[in-house]
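Engineer: With these hints in hand, go ahead and build the complete structure from the sequences.
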Amino acid sequence: MSKEFHKLALDYHQGKRPGKIFVSSHKSLETHEDLSLAYTPGVAAPVREIDEDKSKVYDYTIKGNLVAVITDGSAVLGLGNIGPLAAKPVMEGKSVLFKRFADIDVFDIEVDTQDVDEFVQTVKNIAPTFGGINLEDISAPRCFEIEQRLIEELDIPVFHDDQHGTAIIIAAGLLNALEIQEKTLENATLTCLGAGAAGIATLDLLCELGFKKDNILLVDSKGIVTNNRENLSKEKTRYASNTEQQTLADAMDGCDVFVGVASANLVSKDMVKSMADKPIVFALSNPDPEISPADANSVRDDLIMATGRSDYSNQVNNVLGFPFIFRGALDAKASEINLVMKIAAVNALRDLAKLEVPAEVLKTYGIDSLAFGKDYIIPKPFDPRLITSVPKAVFDAAKSSGVSRL
29 MSKEFHKLAL DYHQGKRPGK IFVSSHKSLE THEDLSLAYT PGVAAPVREI
79 DEDKSKVYDY TIKGNLVAVI TDGSAVLGLG NIGPLAAKPV MEGKSVLFKR
129 FADIDVFDIE VDTQDVDEFV QTVKNIAPTF GGINLEDISA PRCFEIEQRL
179 IEELDIPVFH DDQHGTAIII AAGLLNALEI QEKTLENATL TCLGAGAAGI
229 ATLDLLCELG FKKDNILLVD SKGIVTNNRE NLSKEKTRYA SNTEQQTLAD
279 AMDGCDVFVG VASANLVSKD MVKSMADKPI VFALSNPDPE ISPADANSVR
329 DDLIMATGRS DYSNQVNNVL GFPFIFRGAL DAKASEINLV MKIAAVNALR
379 DLAKLEVPAE VLKTYGIDSL AFGKDYIIPK PFDPRLITSV PKAVFDAAKS
429 SGVSRL
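As numbered in the numbering used here, residues 29 to 434 make up the sequence shown, in order.
Treat the hints as calculated values from the structure; they're not laboratory data.
When the alpha-carbon atoms are kept at most 27 Å apart in a straight line, the in silico DSS-like pairs for lysine-lysine are as follows:
1. Lys82 x Lys152
2. Lys262 x Lys152
3. Lys152 x Lys91
4. Lys361 x Lys91
5. Lys402 x Lys391
6. Lys306 x Lys408
7. Lys127 x Lys84
8. Lys361 x Lys84
9. Lys35 x Lys127
10. Lys55 x Lys127
Structural biologist: Pasting the structure below:
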């Protein structure tokens, strides 16, 4: 980032009041009577009700609309293991997005431990406060165990956005891109660069949707993940291939789809040039993609390109997912966010991109027209229809799959 933008960002975060969030009350507290209702003796009334029926905590407290955004600071943005304090601006940012896009209240929590058992126990201890847990910026493979243990041990939704939020948005965009390019899930070949939380979760979800594992090559920092590699994590082992190929260039030669969730500038023009006809390139590393759209488009005029950036077409951004997924889960009083709910979110996002784009969206983005096609495979984050379509799909899926308390 430029020096000017760096300073602008610092000024934004500091300002007259440091940070991006604050706590406010939406009940009157102006009179003696208000005080007696808000605290003693009036507060004893809901306390007694909840003591007799624990489910009434949703009627008399913020719990049903409160999510914890929790990290240990071990995998923050592209900056790595920078710890809980440096992670706090990101968690506050996540909190602001929850509130802006889905009117969900959030406490950001930065935990000063990277021990799995300690972290899990900390979250379990504070879980009664919240209606849902959003895990954030936790390194792989620890994140897989942490999330699974919390899902099993808590009765509220637990969602690692770096895994499932990313996977849901990628899947929605990719399904539409495949349709436009006249390719199918069952027959397309895919190279995934990046075997961390986002990469593994994306492959898991795509396979649930119909992608064939035999058509996938997973690539990490050492090359293609193969069965003859030693000391593979159990997550990587699931996608280890029987192949003599070794490099990323080998993996991309002739493949239909590239998904990059790794690091900047790892893909060359020649690699993109070697892909199959009508290729799909999702170069999602932030802030700089694995290959720039300019470079990719300079060697192919038949590709669909997506990145994680807002200044290019087809931005794959988690803000399209997590606020609305949690909105639907909280409204359903769901005990978890299951596969059925995730697929419902994928389909809702996919379908929304095919509808006529409202004039207010065009105005927001300063464009004259936008229609489903190579440069528009997924909705824009400021599309006001997201708050109605995605939460409803998730809500209905929670009820149909039996995890709703309603």
